[in-house]
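Going down the list, the protein sequences come from chains A and B.
Take the first sequence: its letters are residues 1 to 320, numbered as in the working numbering.
Take the second sequence: its letters are residues 1001 to 1259, numbered as in the working numbering.
Please note: incorrect hints may appear among the correct ones.
Ranges of calculated distance between the beta carbons of each label pair, as one might list FRET restraints [stated by the list, open to error]:
1. ASP1012/B to GLY168/A: 40 to 46 Å
2. ALA1052/B to PRO215/A: 43 to 49 Å
3. GLN1109/B to GLY245/A: 52 to 58 Å
4. LYS1107/B to SER181/A: 35 to 41 Å
5. ILE1192/B to GLY126/A: 53 to 59 Å
6. HIS1025/B to ASP289/A: 53 to 59 Å
7. GLU1212/B to PHE189/A: 41 to 47 Å
8. LYS1107/B to GLY168/A: 26 to 32 Å
9. ASP305/A to ALA1254/B: 47 to 53 Å
10. PRO215/A to GLU1056/B: 40 to 46 Å
11. ALA86/A to ALA1052/B: 43 to 49 Å
12. ALA86/A to THR1029/B: 47 to 53 Å
Since the hints were made in silico from the structure, they are not lab data.
This structure is a prediction, so every number in the text was calculated from the model and none was measured.
Idealized CB from N, CA, C, for every residue including glycine.
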Amino acid sequence: MAGILVCIEQRNGEIRKASLQALSEAKRLAGGDLPVAAVLIGEGVTASAAGLGANGASKVFVADDANLKLYSAEGYAEAVVKAAEAFGPSAVFFSGTAMGRDLAPRVAAKLGVGALADVVALSREGETFVARRPVYSGKAFTTVDSAGTSPQVISLRPNVFELEEGGGAAEVVALDGLALSIRAVVTEFLAAEGGEIDVAEADVIVAGGRGIKGPENLGLIRDLADALGGAVGASRAIVDAGWIGHSNQVGQTGKVVSPSLYIACGISGAIQHLAGMSSSKVIVAINKDPDAPIFKVADYGIVGDLFEVIPPMIEAIKAL
Amino acid sequence: MNCIVCVTSVPDTASVIKIGDDGKHIDETGIKWIVSPYDEYALEEALKLTEANGGEVTVVTYGPARSEAALRDCLARGAHKAIHVLGGEATLGDSFTIAKALAAAIKDQEYDLVLVGVQGVGTDNAQVGPMLAEMLNLPHVSGITSLDIDGGNLTAGREVEGGKEVVSSPLPALLTCHKGLNEPRYAALKGIMAAKRKPVDKIEVGTLGIDESAGGTYSIRSLELPPEKGAGTILQGEDDPAGAAKEVVQLLRAEAKAI
Ligand SMILES: Cc1cc2nc3c(=O)[nH]c(=O)nc-3n(C[C@H](O)[C@H](O)[C@H](O)COP(=O)(O)OP(=O)(O)OC[C@H]3O[C@@H](n4cnc5c(N)ncnc54)[C@H](O)[C@@H]3O)c2cc1C
Ligand SMILES: Cc1cc2nc3c(=O)[nH]c(=O)nc-3n(C[C@H](O)[C@H](O)[C@H](O)COP(=O)(O)OP(=O)(O)OC[C@H]3O[C@@H](n4cnc5c(N)ncnc54)[C@H](O)[C@@H]3O)c2cc1C
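Given only the sequences and the hints, what does the whole structure look like? Please build it.
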């Protein structure tokens, strides 16, 4: 029986949670009958490889090379393909992070197969993987497969699949003889200022829209986010107005997020905004218009003036 | 500097999605077709580059007869010529087959850059770009929000979790374009008139060695609307905002267990 190969992402040696979620899902789908392996790429990463056994990998292929210190689609794709050739899997999983979404299609094309992106649920029929994925920005869901192609390349949306632990150490296999002809290289990583939490990774997001009236009131949104240890999100209206950077935008032309808690403040709930956040686990809306469409997707709503509602909310949270 | 821009035509982003009779595709009645919004950033960047450096912009689409409207729209905005690969009835969402058709149509063109949208809205795959780059043996950078070209090299910025990557690459290269890169222009009346006289090269996809009936790499089993969400708990906070605020915090803690 072929197995599942999971591509593990790390930054500065730290393995990303989203990859461990993908690995855990691979292990669940594999059950007792399919082997699960991982491929870990970077510089100085060999030491972390065996530990991936804890999340379900029985074998870990490692490409440890100075030329792989920073991500490059070409170099990393070569390493994943090499691991796939060695392992002969029926499926290759990626986490649907910025890196995974970039790398998976390049790997698929190198292997001469298609790929399924941004998958939110998976099942297995023999060696065929059946995926559910949002389309039309979450206005619909489709069930698809790429049966008949081997391997099946699949990227899993972060924060949707549960992380599980409880295995032993994995066998580590070094990938040698990589040519690594890399043309496009990352020359610099500019970290977001002030250690701000990225909306794409946050567990809690407090988002502001045009209802906050002006950039001077963003502090209120930030205070609520800080009280919850969360990130600040934004509607496109206030990004286009220049009140906040594009990296904070949630929606169809911004980031698609699924945090545990999403609080929309002064956001009407346009279809393109809902596209980015409707899969959040719990949604709270604060809006003075009782007919605002955001209330249709809200688990909890407060009809009222955000300037009067948010300050006592912050107080109540701090008092918890 | 010659640029190839791949554009696809998709349902307007404000469309109400209804499931069609086959249970696998949308009901296309009343759908307005537009150039996929991200492809507009790709086109705009190509137009700016050729305006500054000379050269031509060729737009390419793979789609049925109605997709010609997307090409005419791009020609009206300033693209010089267009290639229409006719077909695409069976390849909705099949990024691999789409990339293969585009690669076959592009490979003999002269270009310094291939620009595409980061994702086609609707199918939302974000895969055609990197696949096409691999097939054309080009380096690629995806989701770019900034671009500088200096001689035979480019520097592009792309947003990733927690920051921005700065990527450098030699030309020729493929770029997938994200919002933030530029502000797309609209077509002016003069451009719309001029577009009518610009050439559109039509190619049947079969002549590129693609057999659409062979069964692709993306087989759709079903399409469904998201499950209806039960009505939420809505608190009236006009008269007693502080009371409603406290209540929602309590509910988030005790009922939703979200904080
Ligand atoms: C192709 C395309 C892509 C798009 N992509 C995105 C995207 O990615 N993300 C996105 O967000 N939008 C996107 N949009 C824009 C979208 O259609 C809306 O225009 C936008 O989301 C509106 O932002 P908003 O809710 O902040 O503003 P508005 O719609 O103006 O809503 C402001 C809300 O604030 C409320 N309000 C006002 N004052 C108060 C107060 N004191 N207290 C409480 N509530 C108050 C009002 O009742 C209103 O509901 C896109 C549009 C297009 C055409
Ligand atoms: C409801 C609906 C009906 C459609 N009907 C047809 C149809 O009948 N025939 C048809 O051919 N297409 C049709 N399209 C468009 C076509 O299906 C899309 O091109 C395809 O689904 C995009 O695939 P993707 O998600 O893999 O692209 P992505 O990987 O998300 O696209 C990334 C980028 O690749 C480029 N690209 C993608 N597809 C094409 C293409 N076909 N031509 C040129 N550049 C492209 C664009 O620059 C795009 O921004 C339809 C789309 C929708 C949503």
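Cross-check of the supplied hints:
Checked against the given bound of 40 to 46 Å, the beta carbons of ASP1012/B and GLY168/A, roughly 53 Å apart, lie outside it. Separated by about 33 Å at the C-beta atoms, ALA1052/B and PRO215/A break the suggested range of 43 to 49 Å. About 37 Å separates the C-beta atoms of GLN1109/B and GLY245/A, a value inconsistent with the hinted range of 52 to 58 Å. Here the CB-CB span from LYS1107/B to SER181/A is close to 20 Å, at odds with the stated 35 to 41 Å.
The hinted range of 53 to 59 Å is satisfied by ILE1192/B and GLY126/A, whose Cβ atoms lie roughly 54 Å apart. In this structure the supplied range 53 to 59 Å is violated for HIS1025/B paired with ASP289/A, their Cβ-Cβ distance being about 35 Å. The hint said 41 to 47 Å for the Cβ distance between GLU1212/B and PHE189/A, and at roughly 42 Å that hint holds. A beta carbon spacing of about 49 Å between LYS1107/B and GLY168/A contradicts the range 26 to 32 Å that was offered as a hint.
The hinted window of 47 to 53 Å between ASP305/A and ALA1254/B is violated, with their beta carbons roughly 25 Å apart. A hinted range of 40 to 46 Å holds for the C-beta pair PRO215/A and GLU1056/B, which are about 42 Å apart. Range check, ALA86/A to ALA1052/B: about 47 Å between beta-carbon atoms, so the 43 to 49 Å window is met. Between ALA86/A and THR1029/B the C-beta distance comes to about 51 Å, which sits within the given range of 47 to 53 Å.
Going down the numbered hints, you'll see the structure goes against 1, 2, 3, 4, 6, 8 and 9, while the others check out.
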